[in-house]
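Based on the sequences and whatever the hints tell you, model everything.
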Amino acid sequence: MIKNTDQPAAVKNTAVSIAGWPIQQVFRLLEYPFSKIQRGVGIQGMPWIFLLPNLIFFGIFVIIPLFINFAFSFTGGTELFLSNRVYTGTEQYRFLLDCKTFGDPITCREDRFWKGLYNTFIFVFFQVSFLVLFSLITALILNREIRGRGFFRAVFFFPVLLSPVVVALIWKWILLRDGILNAFLVSIGMDKILFFVSPEWAMFWAVFVSIWAHMGFYTLILLAGLQAIQPDLYEAAEMDGTSKERVFWRITLPLLWPNLLVVVVLALIKGVQVFDEVFVLTGGGPGTATQFIVQYIYNTGFTEQVQNFGLASAASIVLGVILFVLTMLQLAVTRARDNG
Amino acid sequence: MADPGVETKNLVSIILARRGRKKWHWTDIFSYTYLALGIFLMFGPVLWLGMSSFKTRAGLLEFPPTFFPLGQIELQVEGYEKPLLLFDVKMDDGSTRQLAQIRRIGIVSQMVDPKNPGEKFKIPIDQRTKVREFRMAWENYRDPLERFNFLLFLKNSVVVTVVATLVTLLINSMAAYGLSIYEFRGRNAIMLFVIGTLMIPITVIMVPVYLVVTNLGMVNSLWAVILPGAATPTGVFLLRQYMLTIPKELIEAARMDNASEWTIFSKVVLPLAMPAIAVLAIFSVMWRWNEFLWPLIVLNRTEVYTLQVGLNAFQGELDVQWHYILAMTVVTLIPVALVFAFLQKFITTGIASSGMK
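As you go down the protein sequences, you meet chains A and B in turn.
With the working numbering applied, the first sequence corresponds to residues 1 to 340, in that order.
With the working numbering applied, the second sequence corresponds to residues 1 to 357, in that order.
Quick caveat, the hints were computed from the structure, so don't treat them as lab data.
Some clues are possibly wrong.
[Stated by the list, open to error] Facing chain B, from chain A, some residues (calculated, C-beta under 8 Å):
#, residue
1, Phe-27
2, Gln-44
3, Val-155
4, Trp-173
5, Ile-174
6, Val-186
7, Gly-301
8, Leu-323
[Claimed, not checked] From the derived model, a few chain B residues whose C-beta atoms are all more than 12 Å from chain A:
#, residue
9, Arg-97
10, Gly-106
11, Pro-117
12, Lys-130
13, Glu-133
14, Tyr-141
15, Asp-143
16, Glu-146
[Unchecked claim] Ranges between beta-carbon positions, derived for each pair:
#, chain 1, residue 1, chain 2, residue 2, range
17, B, Ala-259, A, Val-26, 17 to 23 Å
18, B, Gly-217, A, Leu-29, 23 to 29 Å
19, B, Ala-58, A, Ser-198, 28 to 34 Å
Heads up, the beta-carbon is just placed ideally off N, CA and C, and yes, glycines get one too.
Here it is as structure tokens:
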């Protein structure tokens, strides 16, 4: 038994030394140019040298694109290169936001965008509420004195590491017309359900599968929050003979509240960007029943016959605004948690 | 050393035994029910995937499905070129015999007794049931390797994962070093900048990054997947927080010995920051292995597909070959399962302490 616990460490050490050798050689090779540079710029200049590669990457792949995004959204046509594109002012935005009544996607000129937005809203509402609820229950249970706690933590956590494609395929295989779930329904005397033909069922499974895949992550954060609560508080409550329910409402929940808020906002930010699992699971269907805003951007920009980059950019800026608001919220709640 | 007394206790009392408090509370029952259900819901689907991946194409079409992979027994019968399928047949006199099917014509099948190849029968098909045995269809795993580009996808995924992780580790640790060891004007501004980029997900800048990648001539090459995500703000942040805890005296001492800044970085700081680097390496491997949306956009030719994109393409085909897809899904899942099995502690503490994944 004792030997077993040493094994991972041994494996790790050999792995590190095998992988480490070429890396050491690379570092040795870089030694000479960097000492040359240091002679040139002096020690005060070195932090910038160390920062440079990373900043170049950020610049090329994040900052410049961010500006190009705005430029794109004010142009029309199907050309990819900016110099070939026609300036159209705010036309893309006016097209996107042209609605008779904003509550009903059908009355909008670009109804697919609004359907996507509307679907995303429904998805996020159900996904985030149940995700947080189940993560909380799971974290509370895993925080108890339970046999095999590490095992159970792993049980709930492992889907987090699976790729969205794998997750979607696992569940698609279960939910097919002749899948095991329908076999079960038939065996208890019910009819088969065509889950991917009914819009409601497709949305239900989109939410369900996404919760299944991500619950472990939020459970882990909440569990860390629960374990940070001072045990003497519980001991004192137990001495006083306080009931478990009261302990939960008066000690656990108020002290966990800041973490819970952080989890909610994190889940919102992830939820708004839902794409991968659902795209593989339902393909956005039936019809557009599970098509979300990211898929709208993807379709508009990359899969349609006429690639409308301008419209896709405008839509992604709308998404960016939503995310920006949520991120500000995240900063606020995180700061409140860390200071309180 | 196990307490010998434990073994003599009966199972129920071991299960029911509790630490601390003696009385059962409704939350205890709820907890264990929840956990049992949890195991079923979390493991069940993956187990089902594994089981199904060993079924033959015909086995997968069966409804209701069987749990274990079963294959119908095929027999080589004298006088027939191809192996024949074996059935249990209910004969007219009420007895049951094992017969092999020669051919089926409508609702009647022509059968032969394998022990006595001269004896032939005409049997209505509803009187026969397949004779099956436990059989793993390894061909589901073997065929995609030979017939499809599966090995190529696997290679692409490995290249992307390894190269991207190395690039990420190098430039992120350099940046973190610059931001943690030195004090210089503009440091806070850069830090804000890093945190700012943390908030710009790829979903918001897909179109312009595609333009940049096209401009650099990288579309349909693996670099298009490797480079855009290489400078992770998460990584810079994680490594910097860790490097801040390295005592300044160590670096001062190295400078006294005339060590160059690069030497201090690679010989002093990096070895000390190994735990954080390991966490970032694990994260990066997982991000890259599982990445889907961006590769889907920039990789449009089969030769450059990664596993995830390839799997998605297979499942979108008109004639979905589930027996291959399930097997390939299992293969895609294995590296992650291994990482998880060996490095679970690293991952969970990494997430719990940084709140990132």
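To see whether the hints hold, each was checked on the structure:
1. Phe-27: Since the shortest Cβ distance to chain B is 4 Å, the answer is holds.
2. Gln-44: holds (7 Å)
3. Val-155: Where the cut-off is 8 Å and the nearest Cβ of chain B is about 5 Å from A:Val-155, the hint holds.
4. Trp-173: Interface hint status for A:Trp-173: holds (6 Å vs cutoff 8 Å).
5. Ile-174: holds (6 Å)
6. Val-186: holds (7 Å)
7. Gly-301: Cβ of A:Gly-301 sits 5 Å from chain B, so the hint holds.
8. Leu-323: holds (7 Å)
9. Arg-97: holds (30 Å)
10. Gly-106: holds (24 Å)
11. Pro-117: holds (37 Å)
12. Lys-130: It holds; B:Lys-130 is separated from chain A by about 17 Å at its closest Cβ, greater than 12 Å.
13. Glu-133: B:Glu-133 is indeed farther than 12 Å from all Cβ atoms of chain A, at 22 Å.
14. Tyr-141: holds (16 Å)
15. Asp-143: B:Asp-143 is indeed farther than 12 Å from all Cβ atoms of chain A, at 18 Å.
16. Glu-146: holds (22 Å)
17. B:Ala-259 <-> A:Val-26: 17 to 23 Å: holds (18 Å)
18. B:Gly-217 <-> A:Leu-29: 23 to 29 Å: holds (27 Å)
19. B:Ala-58 <-> A:Ser-198: 28 to 34 Å: holds (29 Å)
When the structure is compared with the earlier hints, no violation turns up for any of them.
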